[in-house]
Structure formats: C-alpha cells, structure tokens
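> In order, the protein sequences belong to chains A and B.
For the record, in the first sequence the residue sitting at position 79 is 122 according to my numbering, with numbers rising by one throughout.
For the record, in the second sequence the residue sitting at position 78 is 84 according to my numbering, with numbers rising by one throughout.
The set of hints was computed from the structure by calculation and includes no laboratory data.
For every residue, glycine included, the Cβ atom is placed at its ideal position computed from N, Cα and C.
Do not rely on the hints blindly, as some may be mistaken.
Said to hold, decoys possible - Computed footprint of chain B on chain A; a stretch qualifies when at least three of its residues, placed anywhere within it, have a C-beta under 8 Å from a C-beta of chain B: (1) 55-69; (2) 92-105; (3) 109-115; (4) 128-134; (5) 140-154.
To be verified - Below are the DSS-like pairs computed for lysine-lysine, each with C-alpha atoms no more than 25 Å apart in a straight line: (6) A:LYS68 x B:LYS341; (7) B:LYS212 x B:LYS298; (8) B:LYS87 x A:LYS79; (9) B:LYS59 x A:LYS79; (10) A:LYS68 x B:LYS212; (11) A:LYS68 x A:LYS79; (12) B:LYS341 x A:LYS152; (13) A:LYS153 x B:LYS101; (14) B:LYS91 x B:LYS101; (15) B:LYS298 x A:LYS68; (16) B:LYS59 x B:LYS87; (17) A:LYS79 x B:LYS91; (18) A:LYS157 x B:LYS341.
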Amino acid sequence: MGAGSLILLIICGVLFSVGGILVAKLFGPSSYNEQKLEAYECGVPTEGGTWIQYNVGYYLFALIFLIFDVEIVFLFPWAVVIREMGVIAFLEVLIFVFILFLGLLYAWKKGALKWV
Amino acid sequence: MYDFSGVTRGIHEFLSGHFSPLGVTLWEMVIAGVVLLLSLVLIAFTLGYMERKVAAFMQLRLGPNRVGFRGTLQIVADTLKLLFKETFVPQAADKMLFNLAPIIMVVVTMLSLAPIPFTETLQFYDMNIGVFYVSAVTSIGVVGILMAGWSSNNKYSLLGAMRSGAQIVSYELSAGLSIIVIVALSGSMQFSEIVQSQANGWWIFKGHIPVWIAFVVFLIAGTAELNRAPFDMAEAESELTAGFHTEYPGMRFAMFLLAEYLNMFILAAIGATLFLGGWMPLHIGNLEGFNKVMDFIPPLVWFMGKTFLIVFIIMWFRWTFPRLRIDQLLTLEWKFLMPISLVNLILVALAVILGLHF
C-alpha cells in the first residue's frame, strides 16, 4: 500500500481508541462522588505530593542508554554493507565496539550500573 | 495460490463503477481500516483467551470454560463488561496527558504493524529500513507509559512508570543488537528481503551459534520490553497495585490491555520473521517430496504458527520464572546480556566475512 498506509494506521489507531472511550462514556454509568476521584493508594487521604524528586538511578541509566542507543543506530547501516566491505568493515567495528566496551567498563567501575 | 488479490481487485472494480477515483480511494481506506481493526481485535481476543488457557494448563486448572464453546467468548464478555464501566479522570490528575496516554499507546502499536510481512503480498508498507523502523517506533511506547504514570498523580503509577521506562530503554539495546545480527547475515533491513534470504533455510538453522545466542537474547529482551513476567516490575501487583495504569478505569484500561497484547503479537511476529523464516515453509535440503508437502500449507498459516509458538514461549516464561527485583533486572541487562550481545556481534561479523554460515 505504500507510505499512505502509515497515515491509515495512525487514523485507525486514533479513531479506535477515541471511539472506544467515547462509546464507553455513552454506555457507562456516571455519578459524582468525591472519594471516587481521589488517588487509588491506600484508602485514607493521600499524604504528600507525587510530583517530587525521585531516585537519580533512573537518570543515570537513561544517560548510559543514550550512548549505546546511538551506537546501535551507527551499527545498522554497517550491518547492511558488511558482506561487500569485508575485512575493513570488521576491523572498524572491532575498534568501535572496543571503545564502547571500555565505556561500559568505565561506567561499571564507577558504580553507575549499581542500583542505589 | 492463497492470495487475496482477486478479492481486492473485485472490490476495486465494484467501487470504480459507483464512485469517482477519489471516492474509490477513500472507500478503500475505510474498508482496509475496518478489516484491520477487526483482525486486530480478533488477534487480541485470541491472545487473551490463549493466555488464560495456557496459565490454566500450567497450573493444572481448567481455565475459562463457561461462556461460549470451551470459554471462547469469555474475553468478549469481559470486553463488554469494560465497555459498560464508568470512565472518569481522577481529581488530581493532569487531565490532558491522562487522556492522551492510552491513545498514544494504541497508535504506536498500530504504527509498528506497518512493515510486518504476514505473507508475500499481505503487507502494509515494505519499506527499505523496515527493521530499523520497527525498533524506532516501538520505543515511542515508553513515552506513553511514562505519560500515563506521571499524569495519574499516584505514587504507585509514577514508580511503575519509572521502573518500566528504565527497563524498556535498557533491554532495547540487547534487542537491537540481536536484530543487527540478522541484518548482518541477510544484508538488508527490508523485511521482504530478510524473508527471501531464508528461502533455503531459516536463520535459526543455518546461522549456527551466533544466531542461537541472538535468538535467546531477543526472547529475553523482548519479554522485558513487553513488561511481562518475570520482568513485570512495572506492574508488580504485590507491591505496586497495577503500576502505571492503576488509575485507569474501564475502556481506557482496556486500551492499555489491547496495546499490551498487540505488542506481544508484534514482537512474536518480528521474532518469527527474523529468526524462523516468516511465511517461508519449512524446507529440508533435497527432500523434494517433503518440501512439496510443506508448500501446500498456506504462508499465512506458517506465519501465524511461528508467531504463536513464540507467544506460547513468552507465556510459558511467566509461569516458570519468579519475578526479578529491579536491581537484578538491570544487572542482568547491563552486566550479562549487553556484553554477550556485543561479543556475539563480533562473532557474527567474523562468520559473515569468513562465510561460516550456509
């Protein structure tokens, strides 16, 4: 179908999800209750806010992920042409992966991969 | 032998007789959309039924067996129940993001269907960067999850979403590296060419050790990306209620559920296409008779068979392994799977250059 199918898929997804929710609004009951609209946490009024500072560990992992994800983006075109380029491609990727592996080892040694 | 070109041509001619060219295109889009949505809902229902039956089988129970023939309509009844539930937005939630998150999840799932080759002719868009496109689009799903968790203004939701985000981005690396193994072997990112390169044998058979390692890594990383047990830290029900979709009622929750099942199907379909030959029938060397018999099974059946085999393995995981803690989860990825995949990549590069595979 070509690139138009992407638009079709987006429209289908939006129509399906929005339509489903609207239909449920139409059929479902609706009543107002103050307790019902509270956060579903423990049954008593919630203590403290949710949008506060949280563990820095997630941030560290996201940073390391970024580096390696860019690496993978570079590896995809390499993988397509490796058969034609032969030994040179192999040597280049060996150096490339070696440097990145050193990076992983550095992060490991620094304790960035340890959950705190 | 089993293609739908006759049907589509018939519809096209019928519409051309009644409408202008623009109208024909629009009507064809509508028909394609309706057929697509119906088949997707059917797939999600099948997976939901299968999940319960597999769980029951693993635990020596009967599973659903009351509604419909052997409980096949149970999932339809559940969907109807969800449809008649009240949908509301919690008071403290960020209303816009809260409403947007399920839509994003469904749209992303739909988009990642585009390049999957169900059969040779049944494919939405055979783009030349197919594999790359899939790994790019599926990672947008994280945004939906984070959005849902953050906007709910619930501590369980936020924790579940953050865990899920860390987990999905981490395991994406291993999944990407194991996909690169197949790209290197077949020399193309286009799904149709990857399937064609397996005409004389699936990669799992002719790729030897690197492909076996890649397949195992792909299964583990895929299960983690789906947030399924044993990696279901995001919605560990004993500690986080339901994780990032704790606050979602009724049909909005159903959208997350649908996206989850369809993602499982898509992941299994990609695994089947890359490693198990997609719609290619099983051929063994020079056994002419055997190959002829295998050719008689339609490609769609081959594709679905392989896909549901992988789905079954993923469901099997759930009832076999205990849940991992978040630090064990990240250790498994960064200290084991990641180095293994990198070394495996070098191995496969050697294999391709020296011609060690068939």
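> Quick one: which hint numbers does this structure break? Sort them smallest to largest.
6, 9, 10, 13 and 15
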